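*Asks:* Sequence:
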Amino acid sequence: MSKAKIGAIVVSVLLAFYFVIMGQRAWILIREPDLVPKLMGVALFVLPVVGAWALIMELLFGSRMEKLARILETEGGLPVDDLPRTPGGRIVQEAADEAFAQYQAEAEAAPDDWRSWFRLSCAYDASGDRRRARSTMRKAITMERTGRV
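Add 104 to a position in the sequence shown, counting from 1, and you land on the number used in our numbering.
Hints were generated in silico from the structure; no laboratory data involved. A few of these clues could be false.
Simulated DEER-style distance windows between Cβ atoms [stated by the list, open to error]: (1) R249 x K142: 24 to 32 Å; (2) Q197 x F121: 39 to 47 Å; (3) R189 x A147: 39 to 47 Å; (4) M161 x Q206: 29 to 37 Å; (5) V150 x D185: 35 to 43 Å; (6) S167 x A147: 44 to 52 Å; (7) L164 x E202: 29 to 37 Å; (8) R194 x T250: 29 to 37 Å.
None of the values given here were measured: they were computed from a predicted structure. C-beta: ideal position from N, C-alpha, C; glycine also.
Could you build the full structure based on these sequences and the hints that come with them?
*Replies:* Encoded structure:
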């Protein structure tokens, strides 16, 4: 099991514990006779629900991304992690930008292939643009789930 999976499990368990504690506190406040504690109790119920939803969505995103990576690995289509790195372990930005151009051209040439979008997402991540990497990965996941190429 990878460190990322272990970390996700630990955070999920801690968050679930937090949700239980907040649920107990919310119940205590809701049982109070005054309006303000009741409203605070309702808010304490709502916040863990939103948190649980966010946690579930992130776990689903991770598992779907992992599924696509396994498919690409069996097909031999995963991008190779051979970019030069600094002594601190960071990818050299110029090399990442060069690789990015290649994957961007591939995605533009095959806009209906989720594989090209998956690789473009990896290129965004290597370039340090996490927001676009996640957005592009969501697009690849959606394309694969709807049966596109």
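*Asks:* How does the Cβ-Cβ distance of R189 and A147 compare with 39 to 47 Å: does it lie in that range?
*Replies:* holds (46 Å)
*Asks:* Can you let me know if the beta-carbon spacing of L164 and E202 is within 29 to 37 Å?
*Replies:* holds (33 Å)
*Asks:* Taking the CB of R249 and the CB of K142, does the distance hold inside 24 to 32 Å?
*Replies:* violated (42 Å)
*Asks:* Evaluate the given range 44 to 52 Å for the C-beta pair formed by S167 and A147.
*Replies:* Between S167 and A147, where Cβ atoms are some 31 Å apart, the hint is violated.
*Asks:* If you check the beta carbons of R194 and T250, does the distance land in 29 to 37 Å?
*Replies:* holds (36 Å)
*Asks:* Is 39 to 47 Å right for how far apart the beta carbons of Q197 and F121 are?
*Replies:* Distance hint for Q197, F121 holds at roughly 40 Å.
*Asks:* For the range 29 to 37 Å, tell me whether the beta carbons of M161 and Q206 fit it or not.
*Replies:* 31 Å Cβ-Cβ, so the 29 to 37 Å window holds.
*Asks:* Is 35 to 43 Å right for how far apart the beta carbons of V150 and D185 are?
*Replies:* holds (42 Å)
Violation of the numbered hints given earlier is confined to hints 1 and 6; the remaining hints are satisfied by the structure.
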